[in-house]
Each structure stands twice: as structure tokens, then as C-alpha cells.
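Combine both chains into one complex, guided by the hints.
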Amino acid sequence: MLRGLTVAVLVSAAWIGAQIAWMHVRPASNRFRAMLLGYLASLPFLLLAYFRLPLPQFAQAGSGTEAWSMGLLHAVVLHLLIFFFYVECFYHVERSVTLRFLLEILDRPEGACRLDDIRSVYNIDKMIATRLDVLAANNYVEQRQGRWVLKSKGRLFATVMKFSKWVFQSQTQRERL
Amino acid sequence: MKGLILSVAVFTCYVVSTAAACHILRPRRHALLFFPAALAWAPVYYISYVLTPADLGFLPRAWTASLPAVDLLYGLIVYFLNAHSYIDFFFAFNGGFSMSLMLELLQAGEKGLSTEEIISGYRLPDGGDKIYGWRLPRLEETGYITIDPQTNVCRLTAKGRVVAALTRILKRFLNLGRGG
Numbered sequence: 001m002l003r004g005l006t007v008a009v010l011v012s013a014a015w016i017g018a019q020i021a022w023m024h025v026r027p028a029s030n031r032f033r034a035m036l037l038g039y040l041a042s043l044p045f046l047l048l049a050y051f052r053l054p055l056p057q058f059a060q061a062g063s064g065t066e067a068w069s070m071g072l073l074h075a076v077v078l079h080l081l082i083f084f085f086y087v088e089c090f091y092h093v094e095r096s097v098t099l100r101f102l103l104e105i106l107d108r109p110e111g112a113c114r115l116d117d118i119r120s121v122y123n124i125d126k127m128i129a130t131r132l133d134v135l136a137a138n139n140y141v142e143q144r145q146g147r148w149v150l151k152s153k154g155r156l157f158a159t160v161m162k163f164s165k166w167v168f169q170s171q172t173q174r175e176r177l
Numbered sequence: 178m179k180g181l182i183l184s185v186a187v188f189t190c191y192v193v194s195t196a197a198a199c200h201i202l203r204p205r206r207h208a209l210l211f212f213p214a215a216l217a218w219a220p221v222y223y224i225s226y227v228l229t230p231a232d233l234g235f236l237p238r239a240w241t242a243s244l245p246a247v248d249l250l251y252g253l254i255v256y257f258l259n260a261h262s263y264i265d266f267f268f269a270f271n272g273g274f275s276m277s278l279m280l281e282l283l284q285a286g287e288k289g290l291s292t293e294e295i296i297s298g299y300r301l302p303d304g305g306d307k308i309y310g311w312r313l314p315r316l317e318e319t320g321y322i323t324i325d326p327q328t329n330v331c332r333l334t335a336k337g338r339v340v341a342a343l344t345r346i347l348k349r350f351l352n353l354g355r356g357g
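Protein chains in written order, with my numbering: chain A, 1 to 177; chain B, 178 to 357.
If you're looking for bench data, these hints aren't it; they were derived computationally from the structure. Possibly wrong hints are sitting among the right ones.
[Stated by the list, open to error] In silico BS3-like links for lysine-lysine, alpha-carbon gap of 30 Å or less:
no., chain 1, residue 1, chain 2, residue 2
1, B, Lys307, A, Lys126
2, B, Lys336, A, Lys126
3, A, Lys153, B, Lys307
4, B, Lys348, B, Lys336
5, B, Lys348, A, Lys153
[What the hints assert, rightly or not] Not close to chain B: a few residues of chain A, all C-beta gaps over 12 Å, as computed:
no., residue
6, Ala13
7, Ala14
8, Leu36
9, Leu37
10, Phe45
11, Leu48
12, Phe51
[Said to hold, decoys possible] Here are some of the chain B residues that sit facing chain A, going by a computed Cβ distance under 8 Å:
no., residue
13, His261
14, Leu282
15, Ile295
16, Val340
The beta-carbon is built from N, C-alpha and C at its ideal position, and this holds for glycine as well.
Excised from the complex, chain B in its bound form (with noise of 0.2 Å):
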């Protein structure tokens, strides 16, 4: 029990130290942010619970752990699968494409809007679109693509075959199509 009350205040601190510094600092990848922090809190959990009672000074003997070194494990697996779901909740919520619609509708109100207003918004005045238009830039500055300036020929790096290649794997064991 030690391990998991300990795991999930780490975790809250972590979620309270991660939106406070978003919201101050404003970072323009979120990732770099998120990853790093999930990392720099797991020892805060390891050191708090070397360093507390078996029994956190209030636990019941029949909570307490007899295996300490399992229960500090599950707590750290705990933690981190808590942390997956968060910085999961903020892509999709934040960054997700079917977020990014719905806030869209959710301004339009009752009026609502047509498919070709959806679109004309996500479209470029010169032609091009905000779906490619970030994203392709990001893949090629993360490693995953390189482009050529003057073919505009996209291709994928070792990194970003594996990435490919991993997917497609997924998709055949999910059974799922395209997707996207």
C-alpha cells in the first residue's frame, strides 16, 4: 500500500509541476517537457520511499507490505503508467486532430459548420495546409524524414522506416485499416 499512496503523490506532483510550467513557460514542444519530468520525478518516488516508515506512520499492519522490494516496484510501474495516461490525456486532448475539430464546432455554437468551412480552415493562402504544413517540418527536424528542397521529395530515414515498418506490423495485429 506504501507503494502506491507514495506513486500516486509523486504522480499528482508531477501532473501540478508539469501544467504550472506549461502555463508559465509556454514551451513550443510540449514533449520535451513532459518526458524529461516524468523521468525526474520517478527518483523522488524511489528516495521518498527509502526514506519513510514501512508503514508511513499510519498504515494498518495488515497494509503493510511485507516485500518491500516488490512494492516499490509496482509503485514505480504504477507511476509510470499513470504518467503515460497523462501526457496521453494532453495529446489527444491538446494536439489531437479530432479535438482540434470539435473546438472548432464548439465555437461555431448552434449555428454549427459545413464540411467546406471545416476545411477552408485548416487550408493555407498559398495553397497548402495546416495538417502537412507543421507537421512535415516536425518530422523532418525530429529525424523521421528528409526532404529535398528542390524536388520536394519526402523520404524516410532509418529512424523513420522502423517507426513505418512498426505501425504497419501493429495495424495488421490490431486489424485495423489506414486509419489516420
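Isolated chain A, as found in the complex (with noise of 0.2 Å):
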């Protein structure tokens, strides 16, 4: 068991880092698409890493009674896990409004500043725009005629996102006041 757990831990952490290095040399458009070919292309690896990765001794504890199988599984299991962990902290960073407006007022001289200079360069015009404009790019949304639709992974993904608001009621960002 915890040979699988070191190996999952030291896998994950060799293909995020260099992914991460990867995204500084060659950044991808699709940063989601990147994450989920790179934990695939990192899975061949962890099997690789199981059976033939030397560790030290204390890695190799308790390996002698329990099942070759259920060391696996505990690996693939917390490697998956952490691929989600990754995917969850890296969007925490890349989309959350609240984070960019922090951000906005940092930047600026004594890290204080009127609204509605905020509002000059991060104003709800050019979110909503660049945000339909990322929906679209991932084929959420399409523009018809000038107008703006859902596509089936949009729809599947709102539809959702009606019910999870109806278990939880929940308010929409719209909603809130």
C-alpha cells in the first residue's frame, strides 16, 4: 500500500511540474485539454513506476501480505484524485473574479483605489464579453446571427446546473441582488 501511495504521489508530481515547465515554454490554448492529456500520457508511467521504481525501504513496508492489486488501485485512485485537486486549484486561480479584482487593487500605487477605476479596465462589459468568448472556445456556446446559444455540452452542463441550484438553493451570480 505504501508503495503505491509514494508512487502516485511522486508520479503526479513529476508530470504537473513539467507540465507546468511545458506551459512556460509552449502555453496551451486549452489549458483543461493540456492537464487531461498530460495525467493520461502520466498513467503508463505510474504502472511503469509500481512494478519498477526502486524505493527505499520504508516505501516497501507492509507489501508482503497485502495483495499486488490493491497497492495499484490505491495508486491510481490518489493519483486521480490529485489530477482533480490539480485541475480544481488551477481554475481557483484562472477564473475567479474575486481573485482578478484583488489582484486589480494591488497592482495599483498603495494598493488602494477607487471603484470606478477598477472599473475602467475590469468592467462587467468586458467580463461577460471575454467570459462568452472563453464559453465559446470551449464549445459551450456558439453565436447565431448575433445571438448567443447553448451547444449540447452547454445545455448538459446548465441543465445541471438547474437542478444542483435547486438541491442546494443556491443563487445564481445574477440572482444575488
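Below, the structure is given as C-alpha cells:
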């Protein structure tokens, strides 16, 4: 078990580190696709590392009585969950309107500014237009004769969201005021 | 295997209990429910691990952990990673800006919406907007910024400065643009 967990952490750290470094050399336009491909490409290495990678003695502890398949299963599970965590953290940083807003204030002299100054560079018109372009690039929406409509992928997500909104009795950003 | 099974079971209870609580209580701030609930269910996992037999009554010997401490810790890590994913799912689907836009388009149906129509839906009658309108008071309430009521100057608090600086470092590390 310990071997599987160790290998999962090492392989995840290796592929995520390599991918972040590569994004500095050749940034991908579709970062999620890049992350997904990175994860899938790392799977054979996970298997290889589990069976072949020499590890310190502590990482081999307890492997005598457990089935090797259990260690491998735990490696695959942890490797997958680390991938999810990486993607989630990525989008926290990349898409958050709140973090962008805080960053805009930080970049001003003395870390302070009037709201109108922020709005002049980061206003809702630009926010919405940019986000619609991102959604279009990712095939969630498209423009037909100047009007935005959902594509089937977007319709699926929006339908799930509608149900989720009902379950959790939550409000969208537009409904909060 | 025991740690993984109990972790998934406790996580399922966490999801069902928080979803039910949200539906019944309709909290104004869901984060105040999700995070404490995740911490509250963690001891349940620990207690269930300690009180149950090593094979849970049905696991084959080869599936039984030879290092229970590692198995316990692994299950706890899996639980918190799943809880993080669940909370993220909620805020992305229910609170996310992209999802808000897509829900508008879902309601508009086949005729869709123009960019101007979408933007006007986020404007307030007094000229304000629904993006900053709730966000600024919330940021002030949670201690990230202060807003001078007379000059309308927004200023980062120490907490806000730390978060903003960390954001800047992470965006550079991930080679991202301004984003948002």
C-alpha cells in the first residue's frame, strides 16, 4: 500500500511539474485539454513506476501480506484525486473574478483605488464578453446571427446546474442582488 | 481497502447531509455550512475506522491493510480530497460566473441572447452592477478589503494583500494572464 501511495505522489508531482514547466515554453490555448492529456500520458508511467521504480525501504513496508493489486488500486485512486485537485486549484486561480479584483487593487499605488478606476479596466462588459469568448472556445456556446445560444455540451452543464441549484437552494451571481 | 471504503461511505454521508441541509435551511452563505460539515464528518471516519474490524467483516485477507495507520491516514486524505472536489463542484456550478451565463442562455432557449441583453441583465437600475454589487460588501464583510463610505476608495487589508500577492505568484507560476 505504501508503495502505491508513494508512487502516486511521485508520478503526480513529476507530470504536473513537467506540464507547468512546458506551459512556460509553449502555453496551450486549451489548458484543460493539456491537463487531461498530461494526466492520461502519466498513467503508463504510474504502472511502470509501481512495478519497477526502486524505492527506499520504508515505502516497501507492509507489502508482503497485501495483494499487489490493492497497492496498485490505491495508487490509481490517489493519482486520480491529485489530478482533480490540480485542475480545481488551477481554475480557482485562473477564473476567479474575486481574485482578479483583489489583484487589480494590489497593482494600484498604495494598494488602494476607487471602484470606478477598477471598472475602467475590469468592467462587467469586458468580463462578460471575455467569458463568452472562453465558453465559445470550449464549445459550450456559439453565436448565431449575433445571438448567443448553448451548444449541446453547454445545455448539459446548464441543466445539471439548474438541478444543482434546486437541490442546494442557491442563487446565481445574477440573482444575488 | 478498509480506509478507502469507509472514506467513501463517510463522504457520501457528508454529501447527502449537506445537500439536505442546504435544501431545508437555505443558507445565505453555503461556505459556512460546507467547511464545518467536512470537519465534523472527519471524526466520524476516524471513529468508524477504530471501532470496525480490520476486514470489515467481509474483506479477503489480501485486501486487509498490513499498516492500519497508513490505511487510516490514506482514507482521511481521500475523504478531504473528495470533499474539496465536492465543495468546488458546488461553487463552480452554483456560484460560478460561467454557469450563471449558461443558465441565462438555457432559459432563453433557441432564440438565445445578444451580448447586450446578457450585460443588461447584470446591471442595476442605479447604474451599478450585479458583479461588484454583492462582491464588494462580501469582501468587506469577510475582511479582505475596506471601503471608505465617503470616497468609495477600496483598500486591501493585510489579509487581502496576502491573498492578492499569492494569486499573483500562482498566476506567474502557472503562466496565466490576468484571468477572471
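Point to revise | Restraint status (C-alpha distance of B/Lys336 to A/Lys126 at most 30 Å) | key: holds, 28 Å
Point to revise | Check on A/Leu37 being off the interface with chain B, judged by Cβ distance over 12 Å | key: holds, 16 Å
Exercise for review: Take the C-alpha atoms of A/Lys153 and B/Lys307, compute the straight-line distance between them, and say whether it is at most 30 Å.
Suggested key: holds, 26 Å
Point to revise | A/Leu36 remote from chain B - nearest C-beta pair above 12 Å | key: holds, 16 Å
Practice item. Have a go at the B/Val340 hint: is there a Cβ in chain A nearer than 8 Å to its own Cβ? Key: B/Val340 check passes; min Cβ-Cβ to chain A is 6 Å, inside 8 Å.
Review point. Are B/Lys348 and B/Lys336 close enough, with their CA atoms no more than 30 Å apart?
Key: It holds: about 18 Å lies between the C-alpha atoms, which stays within 30 Å.
**Study point:** Distance rule for A/Phe45, whose beta carbon must clear each one in chain B by more than 12 Å
**Key:** holds, 21 Å
Review point. Holds or violated: is the Cβ of B/Ile295 closer than 8 Å to a Cβ in chain A?
Key: holds, 6 Å
Practice item. With chain A as the partner, please determine if B/His261 meets the hint condition of a C-beta pair closer than 8 Å. Key: Holds, because the Cβ-Cβ distance from B/His261 to chain A comes to roughly 6 Å (cut-off 8 Å).
Practice item. Tell me if B/Leu282 is really an interface residue toward chain A, meaning its C-beta lies closer than 8 Å to one of theirs. Key: For B/Leu282, the interface hint holds, since the closest Cβ of chain A sits about 5 Å away, which is under 8 Å.
Check your understanding: Does A/Lys126 lie within 30 Å of B/Lys307 when you go C-alpha to C-alpha?
Key -> Distance of about 14 Å is within 30 Å: holds.
Point to revise | Beyond 12 Å from each Cβ of chain B, as asserted for A/Ala14 | key: Label holds. Min Cβ-Cβ 17 Å, cutoff 12 Å.
The structure shown violates none of the earlier numbered hints.
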